[in-house]
Amino acid sequence: MFCLGLLDVKNISYSIGPVHVIEDITFTAMKNEFVSIIGPSGCGKSTLLRIIAGLIKPLHGEVLYNGMRVEKPNKDISFVFQDFALLPWLTNIENVKLGLSLFDISDEEKERRAKLLFKKIGLEGFEKAYPNMLSGGMKQRVGLARAIISNPKVLLMDEPFSSLDELTAEALRTDVINMLRSPDMPVSLVIMVTHNVEEAVELSNKVVILSERPSHVKEIKRIGLKYPRNKRSKDFMKEVDHIYKVLTE
Amino acid sequence: MFNYILQLLVDTSFSWARMFIALGLSILLGLGIGIWAATSRRAEKVIIPIVDILQTLPILAFFPFVIYIIVATIPGYIGINAAVIFLIITSMLWNIIFGVYESVKELPHEFIELTAIYGMGIKEKLSKIYIPASMPKVMSQSTLSWAIGLFYLVTSEIFSTSSKTYMVKHGIGVALTQLALSGNFSEYLVGILIFIIFVILTRLLFFAPLERYFNKHNMSSIQKTHTTHFVHLIKSRLKLKVPKIKIPIKFALGKKHDTYSLSNEVVMRPKKRGYANLVYALLAILFVAIIVSNKTLFSYELSILVSFIASFARVWFAFAIILLISVPLSVYLIFFSKKLSAYILLFQIIASIPATIMLPLIVSFFVKMPFHSEAVALSVYLLSGIWYVIFSMLSQKAYIPQSIYEVKRLFGIKGLQAWKKIYIYAILPGLITGAVTGIAAEWNASIVAEYFTSTGIGNGAVLTSVSIGIGKLLDLSLDNGNMVLMLLALLNFTIMIVIINRLVWKRLFNRIEDIYK
Chain A
1 MFCLGLLDVK NISYSIGPVH VIEDITFTAM KNEFVSIIGP SGCGKSTLLR IIAGLIKPLH
61 GEVLYNGMRV EKPNKDISFV FQDFALLPWL TNIENVKLGL SLFDISDEEK ERRAKLLFKK
121 IGLEGFEKAY PNMLSGGMKQ RVGLARAIIS NPKVLLMDEP FSSLDELTAE ALRTDVINML
181 RSPDMPVSLV IMVTHNVEEA VELSNKVVIL SERPSHVKEI KRIGLKYPRN KRSKDFMKEV
241 DHIYKVLTE
Chain B
1 MFNYILQLLV DTSFSWARMF IALGLSILLG LGIGIWAATS RRAEKVIIPI VDILQTLPIL
61 AFFPFVIYII VATIPGYIGI NAAVIFLIIT SMLWNIIFGV YESVKELPHE FIELTAIYGM
121 GIKEKLSKIY IPASMPKVMS QSTLSWAIGL FYLVTSEIFS TSSKTYMVKH GIGVALTQLA
181 LSGNFSEYLV GILIFIIFVI LTRLLFFAPL ERYFNKHNMS SIQKTHTTHF VHLIKSRLKL
241 KVPKIKIPIK FALGKKHDTY SLSNEVVMRP KKRGYANLVY ALLAILFVAI IVSNKTLFSY
301 ELSILVSFIA SFARVWFAFA IILLISVPLS VYLIFFSKKL SAYILLFQII ASIPATIMLP
361 LIVSFFVKMP FHSEAVALSV YLLSGIWYVI FSMLSQKAYI PQSIYEVKRL FGIKGLQAWK
421 KIYIYAILPG LITGAVTGIA AEWNASIVAE YFTSTGIGNG AVLTSVSIGI GKLLDLSLDN
481 GNMVLMLLAL LNFTIMIVII NRLVWKRLFN RIEDIYK
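Protein chains in written order, with my numbering: chain A, 1 to 249; chain B, 1 to 517.
Chain B extracted, bound-state conformation (with noise of 0.2 Å):
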């Protein structure tokens, strides 16, 4: 008893070691291209539409896939440890780029004039402005990177090719999957409560404290808190996505002023655009080619897109179920609790809690029932999403000015009336920014969810797997090491990416940025 107990301490303590690792190089490196990004216009074109789309991509299906044969080739385990990490980082790091980016940004011009006034030089105007700006952003894009490098901590930890099994020696990711594998339920039960235990030590010894150290200089006195600013600020990031080509965009509700300003912007590159708008043409037309072309790259586009449809569905549907939830929930607490605060800290610790290592009890629950790869599956898009659309809407209250509840208090608005005319548009802005996220960490979860293994993902034994989809499509071309089928899939997910980005998230902030400013 008391030994298995040591052991999983043992493993919870080397993950957790690794965890810190990679939360220490991704605030690094987070900091470095934020603010090359946020200072340079050049590298902003080209790293933020990038980030944007590593964000979305599930990641660990692609790339790293390689780097860890390569590093984990390394003899011993520090190979295979720093393949691990790797791949943690891979999941940590792009939420900080844009903290970085959005605070580095969101300073006050006099402070870029300070600079020049001073005649500040690189290593002052990062370690007086730049750095210190940009930590209480860190600091709480830290507490999600945990979050989602914890999710992603027990499938990096082991991991399988077609040909043979890596993993860590100690790892709490490992001994979790194993002990769940063996049924050995009840070792496995302690091991889920030392890992939730790790994990509120970790929230209160390491985040508040950190979080309270760097927020003491209180931002808020240089930070513009309107609404109008903050949307702003994200629409200018989803405009970032593909810069230099600009539909025309028809509201269905447009008002007068929309189409005014939007053939300004056309009006002033008429040929440029016409240009780009050539190229994609091209591009397309390219692309349809070489797939029509040949029989297998077109036998495999047919499987990617009944794929994607049947992951689109799943994705949607578990968002609609998040907003049913998320939406009365954050505006009770917005409007009505006076413990918002505590129930942000029980929230992040739950948050951090990963829908991965609940896996194997997910699936046993759900296990006697129909459909119950698809209940699996849409369980975890629904875990994997939901706290970005909650933490997303509540961050929205310190945008609401005081009086707005005076506002409705004094006036008596209530029920229904305040639904339409206070909750929905307060919290808004943070649904839609929580929506992008919060649909972007579904997509990235789509290979655990749909095809979930011994290994995590790569070819174990099967503990539950849809019969179409994208994550499945996904997993199995790994298991096999089909590199055609899996870029190809790559390609259609960044298009995929960008269409929605454009049709849905930049129509609807044109619309939203109508209204508030």
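Okay, chain A solo, but in the shape it has when bound (with noise of 0.2 Å):
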């Protein structure tokens, strides 16, 4: 079967019950890119990112990556949480070390790979502490590290900012583009779902724009400005104020 994209997501439909969450989804998703998913709240919009990480099966349609059908977890796909979704009982490198339970690797390789990560992630010193003791945005930090440990491709984000106070937030934005640009960067794709247009513009260059339940796609828009990128240049705001309009439509 011929395909185009790195990861295709094809005339996926879902429900819950009787209840119509997704309607026949469908866009692609290239090598290099950062695609956002946006839309207004409930509609379906962190189902679908399961569904793509082979969580969540799909009632119809399906999603492959460099086209092979994803019908559960993959190690080339990773995940970061909303919720962080750190194990509070177990310490910040033991969390990150989980991200490769499914690789046959020696403990002293993970525990070396971890450190690194640390360092890179700037938590060095806090990979012996609880994931308790750390503020929010620490934890994502955390969170993204365990995501990112196992040199995935293709890594999907659901809201990650969204549980952060807005400074804390664009602090992690701004090391988040910087990180997944840095040449030695594995992430070949991103995927992120969020609420925040400001967001979706700041970082991504395709933004899958979906409708209110039962969500379809309304529009699939590219931004093409350079990074990093100016939150209060006219055409950042002209991204910013079309997606508004399309949403709101």
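In short, the hints are calculated from the structure, not lab data.
All residues carry an ideal CB built from backbone N, CA and C; glycine is no exception.
Each hint should be verified, as a subset may be incorrect.
Part of the chain B face toward chain A, derived, beta carbon under 10 Å [to be verified]: (1) Leu181; (2) Ser182; (3) Ile404; (4) Tyr405; (5) Val407; (6) Gly412; (7) Lys421; (8) Leu428.
Once you've looked at the hints, go ahead and assemble the two chains, each given alone in its own frame, into the complex.
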């Protein structure tokens, strides 16, 4: 079968009991893209992301990764949670090492890689602390480290900044974009769910705009602005305004 | 044929009527006492430790005995029925009190502020806030109370002292004991069958609709569903048991901040602590002095201690078996099964079939084997404790966020690693709470497990008896009306409960609070 992108979402539908949540959603994500999925709350964005991750089976349709059907979680696809989902009873470094559970690697090697990552995400010294001793922003950094330690090709992020206060979120967004654009980064595709329009415009080069429930794709908007993006520039505002208009019409 | 079935139906109905009256009164008392303890600091300090001890004592062996004699001497069947209902209440009440207490304690502070802002009177506070907030837990605890009540129904309906046997006119407890004793096996089995049908019908027609009704407001919207909160609550309960004294505990794996927080407490009240320790030491010396100075007391104390050691071994051995069964079962149901609620319903029904009515069956099953009295005792201990542990662990499911399941699947955490990193920790708070209540229930059952007669406890024909044990000792002292021995055993029991709480449970809770905070 011929397919275009690194990840193809094809005609996905999903319902919970009698409630239609997702109706026939299709889009393609290419290599080196940052795709945002945006839509009103309750429209099934997070469900869609879980279907892409292979955590939930869709009612109809399929997700293709490199042309192969995704039916269960996959070593190449990783996930960052809105509520961080760190195990409170494991130290931060143990939490990060969980990201390598599927890999046949010695514990020393896992430890070594995790320590390197702690340095990279700016949390050196917090390896042996427990998650609940960290602030929200630091927790999400640990969550991010757990997601990328296995060198995934695709990174899925479910509202990764929405549990943080605005200042922390802004700082983390900048760090994330720098990290993802660094040359040694294995991640070649990010798909992020958000309800924050500015965040979507700041980070992504493709925005999938969803309607209210049952959600379908209203528009797929390309954003060609150069990184790092100036949130006060006219072009930036234009993109934001356009997405707001599509969302509310 | 038809006649005796009808007779059994009538007997069961009478027993059920007693159970419902006892449950109703227990709920009323539980609401009153629980809300009182949760809203008044002073009441809390007295009520909670007492209730905790009463929950563990085999209460049937102590003061109900006295009350039974008093009430049952009221002429006619009023006195004896009142006594039976009273006895059932003594087995149903305690966990309901804790359920209410925890519900009110869990209420967000905003709710209490709300009552102040709108100047609510006591009546409004009760009817609008405290009682509705408690009802979901009252219902779930009632299910448990019902099961415990049925366990003791059999031993309450028929009761004998050295001089006289008291029994109700109609009661399934009496009927089953007599059928089993007369060797009327087929009728006994029919009786059990009717009993089980009543249990199922009660579950489906009474408890299920009520639980649905009281849960419709979905308390989860206001209750924090974090394990941390849960652990904290349980620990605060344990902490209250022996108020005011704190022995600095050094953990084998203690970290720096442990000693910091402990030393903080010590610094804050060094004088009080020293004072309390002095009082305890003096009391202990006084106790020992009295025991040693009196030959009879000394011999009593010796036999009590030896009996305790024997029962202790049984209770904890049974608990080890409980763990071996319940931990894998709970992990399977929480992490793998999609039919958890169906299993819970099934377990609730099975848990309501009391070991006491099965005892004649259990005895006849083991009777030919060596050590059969030990096997019977272990079975009764096991059956009386296991459901607390299982239900408590299964209730942990509500505290496990969905994302943990997703993390497990996403990162492919399986097998031994999943046990070490997820399962054990996820169920641990429930395991420890279940252990506290389950072992309490085991001790509670000691008077039935170790010595069972045709009149339940009391001096009927002995059906099963271990060679030595605290349950047996209590039963025998009950037979002979030896109040001194009984009270001394009660004192020993209380001391043991306090020591175990301090040495085992409190330490464990300190440890896990550290992990979950």
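Outcome of the hint check:
Among the interface hints, the one on Leu181 of chain B is violated; its C-beta lies about 52 Å from the nearest C-beta in chain A, farther than the 10 Å criterion. Below 10 Å, beta-carbon pairs count as interface contacts, and Ser182 of chain B has none with chain A, the closest being about 56 Å; its hint is therefore violated. Because the smallest distance between the Cβ of Ile404 of chain B and any Cβ of chain A comes to about 6 Å, under 10 Å, the interface hint for this residue holds. Checking Tyr405 of chain B against chain A by beta carbon gives a least distance of about 9 Å; that is within 10 Å, so the hint holds.
Below 10 Å, beta-carbon pairs count as interface contacts, and Val407 of chain B has one with chain A at about 5 Å; its hint therefore holds. Taken as an interface hint, Gly412 of chain B checks out: its beta carbon lies about 4 Å from the nearest beta carbon of chain A, inside 10 Å. A cut of 10 Å between beta carbons decides the hint on Lys421 of chain B: the least distance to chain A is about 6 Å, and the hint holds. Because the beta carbon of Leu428 of chain B sits about 8 Å from the nearest beta carbon in chain A, less than 10 Å, this interface hint is met.
Hint check: violations occur at hints 1 and 2; the rest are consistent with the structure.
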